[in-house]
Amino acid sequence: MIDPAARFRALTGAAVPIVQAPMAGAGGVALAAAAIRGGAVGSLPCAMLDAGQIAAQAAEVRAAAGGPLNLNFFCHELDDAPDDGAWRTALAPFYDREGVTPPEAAAGLRRPFDAALCAAVEAVRPEIVSFHFGLPAPALLARVKAVAKVFGNATTVDEARFLARQGCDAVIAQGSEAGGHAGWFLEGHRPIGTLALVRRIVRAVDVPVIAAGGIVDGAGVAAALALGASAAQSGTAYLATPESLASPMHRNLLGSEAETVFTNLLTGREARGFRNRLIDALGPLSPIVPAFPHAATALAPLRAAAEADGREDYSPLWAGQGAALARAMPAETLTRLLAEEALAALRL
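Sequential numbering of the sequence shown, starting at 1464, is according to the working numbering.
Everything labelled a hint here was simulated from the structure, so no lab data went into it.
Predicted, not measured: the structure shown is a model, and the values here were computed from it.
Misleading hints may appear alongside valid ones.
As the list claims (entries may be wrong) - Computed beta-carbon distance windows for the label pairs: (1) G1476 / R1790: 23 to 29 Å; (2) R1653 / E1567: 34 to 40 Å; (3) G1773 / A1807: 39 to 45 Å; (4) D1621 / T1552: 36 to 42 Å; (5) A1568 / G1476: 42 to 48 Å; (6) D1466 / M1792: 27 to 33 Å.
Yeah, the Cβ is synthetic: ideal placement off N, Cα and C, and Gly gets one too.
Can you make the complete structure from the sequences, with help from the hints?
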């Protein structure tokens, strides 16, 4: 029987069974390139990029490092802007506090994977394309599969089975400990811890499984491999590296005992991150928040005003439940250390 980690390395060309998670706002060219130089799969978050930006950033990564590159996209449904009157009313005291007015229209919304982005993938020809919130339409998916391996994100066994049936080359098992957006896309989702989810998905599908959620050190990587995962994906561990684009306040929370919570206030969809002023005032979850990604529209002037003042009162500070274990060091060094620590733990 083939070793799961060896199966992952054969599939991707990575030297170590580690995926640097794509993190919009915190990940980018420098981080992806450093992770690749360390032997991992490096990832670029592309959900907020256009085709030209994707091509330019991929070229920069490839000029800086040779190894497997993953381009990550969102597959959410983008409906017309909803009535967000109740949301704006709830935000009125914050508009007064910051001295700003509500925006008249949405700008810069995250768009789902479409034909233009698919053409960019075909031009770049990355080793891997990963999708969050399900998969694109069958015709687009077929075009992607013609030029790259496809990874899908699952938060339940049913989602993993769906992804495998659609021909995904690997499934990312995203546990509830993971930072950022929970990638559920089928009805009936309930948060499941990483260890239980990984073990259940490994038993349910025949493709490689990549564990994600709360994995910040080599012991976590080793635990995932021991449960049958072929690799581990980590994002929070990389937030503390100098190559990440995390803000100073975001960095200061890493390595502390600060709480992370699931919140829908910042984008309209549940995502795990550190608390900020908005979450403390309104609570992490609210039924009046417009659907993803429209919640961010009314927040935009608040976020801009606070960030200009050096505050993150309305900004996402995504991080997983292992954030207290994050260590500040160069991303290439971290990648190699994660692999060395995992090997040592598995030898015990």
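Structure-based check of all given hints:
no.: 1; hint: G1476 / R1790: 23 to 29 Å; result: 27 Å, holds
no.: 2; hint: R1653 / E1567: 34 to 40 Å; result: 38 Å, holds
no.: 3; hint: G1773 / A1807: 39 to 45 Å; result: 41 Å, holds
no.: 4; hint: D1621 / T1552: 36 to 42 Å; result: 37 Å, holds
no.: 5; hint: A1568 / G1476: 42 to 48 Å; result: 44 Å, holds
no.: 6; hint: D1466 / M1792: 27 to 33 Å; result: 28 Å, holds
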